[in-house]
Every structure is written in C-alpha cells, then in structure tokens.
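Residue numbers (this note's numbering), protein chains in the order written: chain A, 1 to 422; chain B, 423 to 844; chain C, 845 to 1266; chain D, 1267 to 1688.
Check the hints yourself; a few may be wrong.
What the hints assert, rightly or not - BS3-like mimics (lysine-lysine), calculated; alpha carbons at most 30 Å apart, straight line:
| no. | chain 1 | residue 1 | chain 2 | residue 2 |
| --- | --- | --- | --- | --- |
| 1 | B | K512 | B | K464 |
| 2 | C | K1194 | A | K277 |
| 3 | C | K846 | C | K886 |
| 4 | B | K430 | B | K512 |
| 5 | B | K431 | A | K277 |
| 6 | C | K1194 | A | K350 |
| 7 | A | K9 | A | K90 |
| 8 | B | K512 | B | K431 |
| 9 | C | K846 | D | K1543 |
| 10 | D | K1356 | D | K1308 |
| 11 | B | K699 | A | K2 |
| 12 | B | K430 | A | K277 |
| 13 | A | K90 | A | K8 |
| 14 | C | K852 | D | K1543 |
| 15 | A | K350 | C | K1121 |
| 16 | D | K1616 | B | K772 |
| 17 | C | K1121 | D | K1268 |
| 18 | D | K1268 | D | K1356 |
| 19 | C | K853 | C | K934 |
| 20 | C | K853 | D | K1543 |
| 21 | A | K9 | B | K699 |
| 22 | D | K1356 | D | K1274 |
| 23 | D | K1308 | D | K1275 |
| 24 | B | K772 | B | K699 |
| 25 | A | K8 | B | K431 |
| 26 | C | K1121 | D | K1274 |
| 27 | A | K277 | B | K424 |
| 28 | A | K350 | A | K277 |
| 29 | D | K1543 | D | K1616 |
| 30 | B | K772 | D | K1543 |
| 31 | B | K699 | D | K1308 |
| 32 | A | K90 | A | K2 |
| 33 | C | K934 | C | K886 |
| 34 | C | K1121 | C | K1194 |
| 35 | C | K1121 | D | K1275 |
| 36 | A | K42 | A | K90 |
What the hints assert, rightly or not - Here are some chain B residues the structure puts well away from chain A; computed CB gaps all over 10 Å:
| no. | residue |
| --- | --- |
| 37 | K464 |
| 38 | E467 |
| 39 | L600 |
| 40 | A615 |
None of these hints come from the bench; they were simulated from the model.
Each residue gets a CB set at the ideal place from its N, CA and C atoms; glycine is no exception.
There are 4 protein chains.
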Amino acid sequence: LKLWDKGKKLDGLIERFTVGDDPELDMELLRYDCTASIAHAKTLERAGILTNDEVARLTGVILEAQEQGLVITREQEDIHTALEEFLVAKLGDLGKKIHTGRSRNDQVMADMQLWARDRLQELSHALVNVCEGLNGFSRSHPAAMAGYTHMQRAMPSSLQLLIGSYIESLFDDLEILLAVYVINNRNPLGSAAGYGTNLGLDRDYTAHLLGFEGSRNCIYVQARAKHMATLFFPLCSIMKTLDRVASDILLFTMGEFRYFSLPDEFTTGSSIMPQKKNYDLLELIRANSPVLHSLAHRLDMLGMRLPSGYHRDFQLTKGAVMEAFAITGLSLSIIERIFAHLEVNEATMKESMTPEIFATDRAYELVREGVPFRTAYRQAAESLSSLEVPEDILAGREILQFSDFSEEIRALRERLRLLFAS
Amino acid sequence: LKLWDKGKKLDGLIERFTVGDDPELDMELLRYDCTASIAHAKTLERAGILTNDEVARLTGVILEAQEQGLVITREQEDIHTALEEFLVAKLGDLGKKIHTGRSRNDQVMADMQLWARDRLQELSHALVNVCEGLNGFSRSHPAAMAGYTHMQRAMPSSLQLLIGSYIESLFDDLEILLAVYVINNRNPLGSAAGYGTNLGLDRDYTAHLLGFEGSRNCIYVQARAKHMATLFFPLCSIMKTLDRVASDILLFTMGEFRYFSLPDEFTTGSSIMPQKKNYDLLELIRANSPVLHSLAHRLDMLGMRLPSGYHRDFQLTKGAVMEAFAITGLSLSIIERIFAHLEVNEATMKESMTPEIFATDRAYELVREGVPFRTAYRQAAESLSSLEVPEDILAGREILQFSDFSEEIRALRERLRLLFAS
Amino acid sequence: LKLWDKGKKLDGLIERFTVGDDPELDMELLRYDCTASIAHAKTLERAGILTNDEVARLTGVILEAQEQGLVITREQEDIHTALEEFLVAKLGDLGKKIHTGRSRNDQVMADMQLWARDRLQELSHALVNVCEGLNGFSRSHPAAMAGYTHMQRAMPSSLQLLIGSYIESLFDDLEILLAVYVINNRNPLGSAAGYGTNLGLDRDYTAHLLGFEGSRNCIYVQARAKHMATLFFPLCSIMKTLDRVASDILLFTMGEFRYFSLPDEFTTGSSIMPQKKNYDLLELIRANSPVLHSLAHRLDMLGMRLPSGYHRDFQLTKGAVMEAFAITGLSLSIIERIFAHLEVNEATMKESMTPEIFATDRAYELVREGVPFRTAYRQAAESLSSLEVPEDILAGREILQFSDFSEEIRALRERLRLLFAS
Amino acid sequence: LKLWDKGKKLDGLIERFTVGDDPELDMELLRYDCTASIAHAKTLERAGILTNDEVARLTGVILEAQEQGLVITREQEDIHTALEEFLVAKLGDLGKKIHTGRSRNDQVMADMQLWARDRLQELSHALVNVCEGLNGFSRSHPAAMAGYTHMQRAMPSSLQLLIGSYIESLFDDLEILLAVYVINNRNPLGSAAGYGTNLGLDRDYTAHLLGFEGSRNCIYVQARAKHMATLFFPLCSIMKTLDRVASDILLFTMGEFRYFSLPDEFTTGSSIMPQKKNYDLLELIRANSPVLHSLAHRLDMLGMRLPSGYHRDFQLTKGAVMEAFAITGLSLSIIERIFAHLEVNEATMKESMTPEIFATDRAYELVREGVPFRTAYRQAAESLSSLEVPEDILAGREILQFSDFSEEIRALRERLRLLFAS
C-alpha cells in the first residue's frame, strides 16, 4: 500500500508514470532514511509522543532494516513507504507511529541532504588527491614546451606551469564546494509538508542529532529544485576544470604533437582500422562536461516559475543529482589514474619551441636598451626571421619552474578535517 | 573479446568508464543491427566479397539471433560485438567476414537511424491520436470561460477555443517531425569509419534495401551529435505543447478555480495530509519538459567544437535520444488518457466570466456608434462598474464555438500512410 | 502617452524596467507594422467599421510614416504606440480608429512573423550561396588528406569529401528552415488579445492580404515563446554546421598542421607578441554557436510552465530572436568570404597521409585473397611497420573525388523561388 | 591603429565581426583599466623598467583620461588601445612603454575582475537591503493563509513564514556570492599572454597595489570562460529566489486569490482591454530568470572543449557578464520597491483557510489520544466533512509567527564591511 492509500487503485499507466525510477534510486537512500528516522523518533520522544522504550524498539528495527537491506516494490513507490511497512510488519501499531509529525517532503530532503553531505566529503578528498597526484607529476616532469594562444604557438611555457594551472583550478572548485557544503548542512526535518506541525517538535534537537547547523525555514526547505541546483555549482566547476585537462591531453596526444601518450591498457582500438590507438577515456571525460552541465540546466529549469511549496516536479531532481555526483566522482578518479600513467615526450615538447615564439623576448631586449615597447614590438615584427631559440629558455622565467603546492594541499586536508568533524 | 582486441587487457576502471551503459541501451538496437547487417551482407555480395550462399547462411543466423535475443556482456561492450561473436560462434570464419567494409561508426548510425525512423512513425500516430481525442473532447464540451492574459481574467473565451489551440500546436509539432523524418532517412552505411572504403560497395543498393532515400556523404554521417540533435526538434516542440496543456490544467484544477477535475484513480495523495488529492501526473508532464529540454541541450553541447570525424563523445548521445523518445511517447499517452477522463465543471467556468471582461465589448459598442476606438476605450474604462455579463456570450463570436478538425486529422493520417509506406 | 494610459503615471524605475529595449528593437519592425496595419485597416473596411476613404487616408499616412521613419520615445514604449500617435497627430479621430479589433498581442506577432518571413528568405538565399561557394571551392581543390577519428589520423580522405560534408549539412539545415517557414506563415491578426473579438473580422481576408496561408487559432497565436523557439531550429542547425567548419579550419591552420591559411587581411595580431597571426574570425564563428544556442535555451525557458494566454515574459523573446538571426546571417557571410580566400597547402595535406592509415586497405587486400576480415584485421595489426603510402591513393575511392552539387543547388534555388513567390 | 597593427588593413566585414560591441561595452571598464594601468606602471618601476618620474607622468595622464572619459573608435577596438593611444598622444615615447610586460589577455582579466569586485560588493549590499525590507514587511504583516503543495491548499501557513523563506533563500545566495568574491580576488597581472614574461615583474606587489589576495597561475588566468562562469553562481542563485517570489505574487494577485495587490503606478494596462491591470513588472522579474540562466549556459558552453590558453571565444563572455549583473541588480531593486508598496488583503488570505487543511491537525488530535499516526490518518480521511476552522489557528504553531532576522542582518553587514575593507 502507498502511504497515502485511501482505497482507490491507481490506473496502471499512471502508476508507472508517477512512480518512475524511484524504487531503484531510493536504494541509495536507505541508510540515510534510517539515520533520519532514528533522529525523528528521538525528537518525537522529546515531544512526549513516543516513550523511551518505543524509540528503542523502533531504533532496533530500523537498524535491522539498514543492515539487511530492503527491497522496494513498485507498489510501495519509495524507500519511505518500504521502511514504514517494514516497521509495521515487525512492530505493528508502533510502526504506524513513525510518520507522526513528518511528511515525505521533509523526509526526502533530510535523506538527500545527508546523502549529499557524504558525497561532498568524498568529492573533497578525491579532489585533493588529484591535486596531490598532479603535484607529484609536476615535480617529476620539468619540461619546456610552447604555450598556445588562439590555437597557435605563442610563447615559451612549461609542463609545470600547465599542471599548476590545473591545481589552482581545482582549488577554486573546492572553495565553491565548501561554501555549498555549509549551505547544505541545515536541518529540514520538522518542516513536514512545508508548513510545520502543531506538535511542538524541537527542530534544534533534531538538527543536533543529525549534525546539522541549525534548522531551515519550513517553506524554504521545500525549494528543493534550488537546493539541488546549488549542489551543482561545485560539480560544474570541477567538470570545467577536467574538460580543459582532457582537451589539452587530447590535442597533445595527436600524431601532429605527440607530447603525451598513454600505455595500451588505457587506450582503445577500432573495429575496422588495425592501427588505431584511441584516447576514448579522455574523450569521455570531455563529453561528461556537457552531460553534467545538461543535468545542471535541468535543475535550473525544474524550479522555474513554481510558486512556493512542494511540487511533484521536484521528484525528478533526485536522479539528476545522483547521476551528477557519480559522473564527477568517476571523472576525478579517471584523471587521477591518467596522471599516474601519462608518459611525457620531452623531445617533441622541446621541438615545439620554434624560434618565433621568442619574438616578445626580442622586443624586451630592445626595451632593455631603452626602446619604448610599442616601437620595440614593431621592430621585432620586422626581424622575425633572425630569431633563434635561446640556450637557456628559463632565464628570467622562474614562472616556468616547479611550483610546489604541498603546503597548500596539507592545509586543505586539515581544513577538511576540521569542517567535516564538526 | 572486443572487436578491436589486440591482446592487451583494458584497465578495470577504464573499461567500466568507457563501456558505460551501452550493454543495456543496445538491447533496443538488436533488431535494427540485424536488419542493417543483412542489408550490408547483400551489399558485400553485390561487390563480389560474399557469395550468395554465404549471405543466405549469415542471414539465417542473424535472424536466429534476432529471434532468440542476445545477451551483451560488458566484455563485449555493445550489440555489434555480441552479434559478430554470435555469428563467429555459429559460422566460424564466415562470421568473421560480416564486418568487411563497415565500421562501428556507420553501423551505430544505421541502427540509430532505423530505430529513430520507427520511433518517429509511432510518435506521429500517437500525436494524431491525441489530436483526435482532443477533437472529440472539444466537440462534447461547449463551455464558455474567461480567457486570461498576464495571469488575469481578460476576455470571454471558451473551452473549445482552448482545445483548438492545443490541436493546432500539435499540428505544427508534426510538421517539424515530418521534416526531421525526411532528414533522418538517408543511408549511412558504406561510410565505414567516416571515409568510405576501397571495396566498391554500392551504397545506393544498401539504401534501397533499407528504405533510405539515397546515401549521406561519408564524413557527414559522422556528425552524429548534430543528427541526434535534429531528432530533438519535434520532441522539444511536442513537450512545449504538453507543458502548456499541463500548466493550464494544473491552474484550473486549483481549489480557487475548479474548472476541471480528474477521477481518483488519476490522482495521488499525501503521506501526511489525509485530505489531499494531487495532480502529480500533470506535474510530471510539466516537469518532463525541463528533462527533455535538458537532454536536447546535452546534444547541443556534445557536438560543439569538435572537428569532423567520429569522437567517442558521440557515444553519450545514444542514451539521451532513447530517453527523450520514451519521455515524449509516454507523455503523449498520458495526455490522451487524461482527456478521456477529464471532468469539466461548466458552472465554475461560467462564474469566471465576470462583468469586467466585457469591457472591450463595451468599447466596441461605442465604436459601432461612431466613437473612435481609442476614445471609446477611455470611455469604457470610466464606466467599468456598469458592465454586465450579456445574455448571449457567443453573439458575434463564432470563434468560441466548436471548430472541427476531423478533416485535417483524416488528411494527416493519409499523409503519414503515404510517407511511411515509401 | 501609452496606449493603455488611464491617467496614472508609472513609477520611474518601473517604467525603465518594463519598457526595456523595445524602443531600439522596434525600429526594425516599423515597415512590418505598417504593412500589417494597412491590411488590418482593409479588414476593418470589409467589416463595415472603416469606409473606403478612411482606409485610403490611413494608408497614405502609414506609408508616410514608413518612408520617413519614426522615432520611438521611451514614453511611447514601442512602435505600435508611436505609429498610432503619428496617425492621430496627422488624422485626428481617424487615427484613433486604427486599433479597433486588434491588440498589441496579435500586432506584435504579425510584425514578428512578417519580419521572420523576410529573414528566413534572406537566410535561405545566403545558405545556398554558401553552398555554391563551397562547391566551387571543392571543384578547384582536389587534394588528398588524412581523415581523422578520435583526434587521430585514421584513413585516407580528401578535401573534396570534407567540403561535400559541409554542403550536405547545410542542405539539411535548409530542410528544417523551410518547414519552419511554412509553420511561421500563418495569420495571427484577428486574434486580438488572444480571444478574438465580436466584430466579425474576416481573418482569411487579412491572411490573403499579407500572404499568409490561413489563420491561426486565437489562443495559439499567443504561444509566442513556442513560435519564436521554433524559429531557432534552423538557426541552431546552421550554427552547428558552421561550428564544425570553423573547428576544422582552426585545427588545420595550427602550426602543427598548416593545411590551410588565410591572407593577412583576414587575420589579427597580438598586442604583445609581434609574430602572432590569429584566426579570430573563425574563433568567433565557433563562439557564436554557444551564443546562438544560449539564446535558443532562453526561448525554451521563457515559455515554460505558463498557462495559455499572453504573458509579459514573452516580450523578452524579441531581442533574442533578432540577435539570433543577425548572428546566423553574419556568420554565413563570414564563412562565404573565408572560402573565397582560403589558401590550401596541398603539400602538407599530402604529408599527413602517413603509411599506417592504409592499414585497413592492407586488411582488405587479405580479404580479397579470401582471408575473413576479422582475421585479416589482426594480421594487418601485426604488420603495421611494413605499410607504405600507395602510388594511387584514390584507387577504388571515387568517394574521395569531386562530387558536384550544382544540380542540387539549382533545384533548391527553384524551390525557394516557388515557395517564396506563393 | 590597433595595438597589433603591422601595416595590413583588415577586411571591412571582418573588422565589424571581430570588433563586435567591445567599443560600447568597454566604456564601463575605463576606470578599471586606469587603476590597473597605474599599478602595472608601478610594478614596471620596481622592475627597473620605468623611472619614478615616468610613472608619475603616466599616472597623471591616466587619471586625466579617467576623469575626462575616452571615446573608443571602432578602429581602436577597445579601451586598452584607446588608453594607450591617449598616452602616446600626450606623452610620446613614454606612452609607448605602458604595455611593456603585459598583454591584453591579462589586462582584460584585471579590468573584469576589478569590475566584478565592485559589482559583487554592490550586489551584496542590495541583497541585504532587500532582506531588511522583507523583514520589516514581515514584522508589520501578521497574516494567516493557506499553504499550498502540488498547487492545492494543504496546511495552515502564514505570510510571515513565507517571507522568512525568502530571507533565508537570499542568505544562502549571499553565502555563494561571498565564496565567489574570494575566488575572484586574485591578481591576474603579470601573466601577460598567459605564460608570463622574462622581465622579473613582482606580481605580489601588483596584487598588493590592487587589493588582490595573491596572484593566479599564469595559464589559469586565461581560463576566462570558467572565471566568468563562476561569477554566475550567485547571480543564478539570486534569480532563482526572485523567480519564486515573483511566481508567488503573480499567483496570489490573480482575481481568484486577491491576497496581494499593487498600487496603479506599479501596474500597466492593455491596449485593447480598458479594465486590465497587469503585473508586468513581476512577469519581467520571472522572465529575467530564464534570461539570466541562458547567459550562464552561454558561459558554460563558451569554455567547453578548448585547450588551455587564450581564445578569442572568450571575448564574448564580457557582454554576457555585464548584462547578467545589470539584470540581477535591477531585479533586486524592483523587488525591494515592490515590498515597500505591496498591499496585503488579510481578509481573502483568511478565507483561503478552508476546513480541510486542518485534516492533519485532526489526525494529530487522535495521535494525542494514543492512536498510531497511520491509523489516525485514515480515520481523519473518513471524517473530512466534519472539519472546522479552529478559533486559534496559531495554537502550537510558533513557526507561523514573526521570526525576526534583524540580528542576522546586522551580523551580515558587519561581515561585508570586514571582507570588503581588506
């Protein structure tokens, strides 16, 4: 039976349409639904609605459900119904008391926020691990190479400067993630269907039990599309970084560049062309940015033009959020793995440093002799053919050398530890 | 073994990442892969690469695979590998000949285009069925009601005018669909990896066998993200129509309006509020427009900034296209079902026709007496309080009466029959 | 004064916010507002509301306004107000009659549809011109080159095959455009605010006068966001084609490829690097695809979740549509210009044809000797080092030779002539 | 002359296409270009490239330019060229020295980041002002009303709970904004074209002069599309909040609700219907959310799939960012103004509290008598007809009473003061 069952059977097509893929998605929420249910039961006790003994018995059976797992039938629709029915089956009338003072509206938000909190923590660690991997890769690969602008060789650059740009990009992504972590960490329980109850539930107590920093306004809890869209900010940011990383490597592994390569166990072949060695996994990282962003756009749209209060439209946010975290987490893992195996061809990189990319240096030589830059620029433009690659490319360019991010990484790890412990 | 296997085992994480959900998605493509494979075999025969007997034997086993179904293992990655391995298992060396002169690149496009052709045909029929249902609903529900602009009651209108607007909107959607049908119906086979072969395959013959109108330029075949994005034009158009339908009904079933209602077996309840009767299925129709459009945006992005030729990014178009057709088809079915059961409350509709919405008519009375409209407008504005609801609301407004679309619907059915038969 | 003025002055900030940039945008609509107004006046005459003489006088002054141009003040908000005030200033009470039986709602749609009809015609011609230019370019540039998949050299290809892929892509775009042209060409006038009038206006007559094919359902006329979004289908399609063209050229002009180059008057430089020659205009074509698609997404969103009837939200569609047509038209012009000056470096193209891209041919040689393809594939994979570039690359590959599209282009021109003449 | 002029004139169409609307947009950047140029000159002095006297003379003329304003010609393209030419005109060779060690690439980023810093500060203050306005509105409007779920009356609620949900939503938006503020506040200068220089410029000194917290990796500076997309996070978040506010008011001002109204000077009329009073400004707030989000999507797309380094595509981010900040700032102002004048109809609000929305309370009565909730729910469902509106609606619902945010607002003002002062 559905929680709202009133004796009428739902049309079959309609049931399929409304239930959707919740039974599958909700499997991921079981442990969070259990955690939130226990905290809710304790809050009911404090309000005098359940006895201490009732809470103990409910808690026992909830933990039993969490441990053994639940199967969610389509008739049940969701994890919330499955858990309540499990409690009723085991505890009879006592099970029928668990939903006092809550609605699926606040229950889903509690589950999703607890779920997201764990995912954000995991993602933070994964991100810092990637930074550490990149830093190690950078340390061991001093290599000069051409820097490009407008798809054309432009200036002397280095692999270490490039890797540093990835690390700083991820640092920014983490900054957004941590702001979102704080925003996510507010208690939704007690808001019930969005307008609270008259049962005198102590929301601060529930917040405390669940590790939330205070409670959210009841109506605002139900702005679910916005809350879920907020979770996308760091994900989009990370995928933008990884898109750039993948685009760089895909360009630089082309036969015309050969700055990088990957061992065979990281590449794929063609069903028709015997010679092909394809960097599919980088193409898929690159392709996951559109996928991720399209999910973010979905969330942007799902909340549009809806008056306050819960709407069933919000149900469709769940799958998108879960897919998005999975994509981002997996992409970070792949990138970490790639840099553990990426082979650098320092010789071809060096060859990319053709004389003309030193034209600006030539202008600066003239500047040092007192020629105003704009004049020097025009003179250098006229003597391009006489340019040569200098002996010491790095002269005056500390910027192209290894910049060690170990200290920042250590500090970030400490910051995560403190934030997540609270 | 994968088709491109060269003896190196793919890293586990990488395999999971690159294979993705193709094994599941490809189950839908089996019959199309079989159809395309048989046509390809016949083309190989015409080119002197296979004998008539070989084609017969291949055809037999291909049909066997189609009938019994194939299980696609993750090791196999996709339906194309599974089918080739099935042929090899049954026919030995002969099975190893089927991939001569083709690549998975053109094979996937052949499968997807044949698949899309069937889906577009189904969708066309479903759309016309909805139009027929709407026309019947309109015929039997003459009811005057207020027309709204800027969310405010504005002018006298009618349910029949409103339903007519849905029908015409669907007609436009079908127009786009049929243009896309024609564009989709071009043979991709023979393009192999995107640059053809030197085997002298007769592409026009393949096109003829598969019911395509001519063959596509080989490189253009591989602009897969664009081709798949083109399929979204009619889907987006249809969902825009259904979004408006759902938004209308959701507004007009609010307790403050009560123009419409649905029987209990089409509505859901609340886990906390005993009195609730929710129109979830209309909220989900409405929510499916963002979902659909976000998938379209995904396709828009997946093709961006890629040079010509196949990229693995394109693989991620498949799931989006399949999901999009499923959403649109299901939404049309739901809408058809809704209008078969929608209850109209003519009394509340009539009550919505408050006197002030006849203010423009009042101005027109003055116009008929010779007052210039802008002057009449200002005079009417000053006498709003004296307005009354006229006895005969429809007087001079044939536009508010039933407009029968039966003839157009019949003509569309004939047009579909001719186009799809060719 | 605003058309709806009732004596209260709008708050200053509010006026700025609501008027927006209509006064500027509407300058483009003057001639269409004039055309529509004359047709409307004639329809009023047929309904007995204006005399023949009044129509003649109105027509005269309307044409005067069209010829001399109108300045739209912010107080007037829009072209419709400016024109009505001009008529009142010149004709007194007669001018106050022009708005009888219409609303700005249907008037704006009439203007926009007439405007879009002209733009679609222009775009069609521009598109065919680009095809013709590409066909001429292709004819005079037989050049073999490597074909790429997964960003890697894959198979022998040719510039002519590549150009053919652009032409066919544009042909598809035109197919969508023409379907949209037909959908756009329906009369909105007579729908007034969206619910018609009781004045007995002959909408078919208006349609005839304006060259529309029949009239649209009154409420459907007001689904403006959908109508405007429909106009984006061909624009998005065209920009997808041009994105691919630009991405190809940008890759192939890189110093590592040098297949193409452009004369200096088509490239830009750097403020700091004297040697730079940048292909900004191709980067901007490429960048215009995101711009265009974001405008399309805007239209997708602007119509979401709105019940039937006009909403002020729709006003924000106008600027987006105008910008989108301008971008697309300009991009087509730039592409046409580029191909009139693109320099082809056949030598570097030829060098790109490295031996390994003939590996598939090697497998086919074995196939011709009777080896099953999958076995041949594996044998070829083992002898990659012995591959050589063949003397006659085109042998057996008619597909790489010039495919003349002159006939298709001629037929398209004729088709446009007939459609646009009707 | 353009900064990169080398004696070849750009094709006219190409110039128009590449220059775009930079001359107009850049007017907003003049003061930031001046500020950044002065800091750059001082850094050149510290590197021994300019003398103290030269810096003083440059600074004088730069401030002169800032004060008098500059006109940017299309030939000049942008503010950077206009300023350099102004310096050359006034100072001769000394003016030609200003661009030493910088590129327009880092210069544009410096301008945009300084510009964005000011805008983010303004937006923060505007947002807090709106919160203060809302808090005052809430304080003075204790009013019970129905709360809705699924577009249906659901539970007793209050205007004060609703307003609180707006305030908390804005608080979250501000949290994102401040994280973005910190990310934005990193020095880009010294990165030149993206790869630094060999001039030994002290980037930390430049950072100090401009109030930045440290300097960004040179290559990362050029990930402009990402940096600009990051600025959109708070803007999207704010517009999501305002969309909900506008959607609520638009629903609740409908004739069927009449909970709210606005004085005439905040509403508009119809050109045809004398009685209309339209809430256009709220429709436009609502419509600005799609506009804003489409600009965000543009930025998402503009950065996709580009390898590291500057691309001209990034130039198209500027207009979008400027438009987005303008929209958001204006929308906040409008909302503040609206709540200063919004009229509340407590009587119609009270009427919305129909008996059935107390069904859950009825179930809770049974719960208090010891009936398990799920049983109580079913019993309450059977006795809906006997429900009555209670005397004291707020009994047991402190949640529906005024929640004062004055203290949080004060703390936020202090937080802004400290952050922006640093």
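Here is what the structure says about each hint:
no. : hint              : verdict
1   : K512/B x K464/B   : holds, 19 Å
2   : K1194/C x K277/A  : holds, 22 Å
3   : K846/C x K886/C   : holds, 25 Å
4   : K430/B x K512/B   : holds, 26 Å
5   : K431/B x K277/A   : holds, 14 Å
6   : K1194/C x K350/A  : holds, 25 Å
7   : K9/A x K90/A      : holds, 26 Å
8   : K512/B x K431/B   : holds, 25 Å
9   : K846/C x K1543/D  : holds, 14 Å
10  : K1356/D x K1308/D : holds, 19 Å
11  : K699/B x K2/A     : holds, 14 Å
12  : K430/B x K277/A   : holds, 12 Å
13  : K90/A x K8/A      : holds, 26 Å
14  : K852/C x K1543/D  : holds, 12 Å
15  : K350/A x K1121/C  : holds, 22 Å
16  : K1616/D x K772/B  : holds, 25 Å
17  : K1121/C x K1268/D : holds, 14 Å
18  : K1268/D x K1356/D : holds, 18 Å
19  : K853/C x K934/C   : holds, 26 Å
20  : K853/C x K1543/D  : holds, 14 Å
21  : K9/A x K699/B     : holds, 14 Å
22  : K1356/D x K1274/D : holds, 26 Å
23  : K1308/D x K1275/D : violated, 35 Å
24  : K772/B x K699/B   : holds, 24 Å
25  : K8/A x K431/B     : violated, 56 Å
26  : K1121/C x K1274/D : holds, 12 Å
27  : K277/A x K424/B   : holds, 14 Å
28  : K350/A x K277/A   : holds, 24 Å
29  : K1543/D x K1616/D : holds, 24 Å
30  : K772/B x K1543/D  : holds, 22 Å
31  : K699/B x K1308/D  : violated, 71 Å
32  : K90/A x K2/A      : holds, 18 Å
33  : K934/C x K886/C   : holds, 19 Å
34  : K1121/C x K1194/C : holds, 24 Å
35  : K1121/C x K1275/D : holds, 14 Å
36  : K42/A x K90/A     : holds, 19 Å
37  : K464              : holds, 19 Å
38  : E467              : holds, 19 Å
39  : L600              : holds, 27 Å
40  : A615              : violated, 5 Å
In this structure, the earlier hints numbered 23, 25, 31 and 40 are contradicted, and the remaining ones agree with it.
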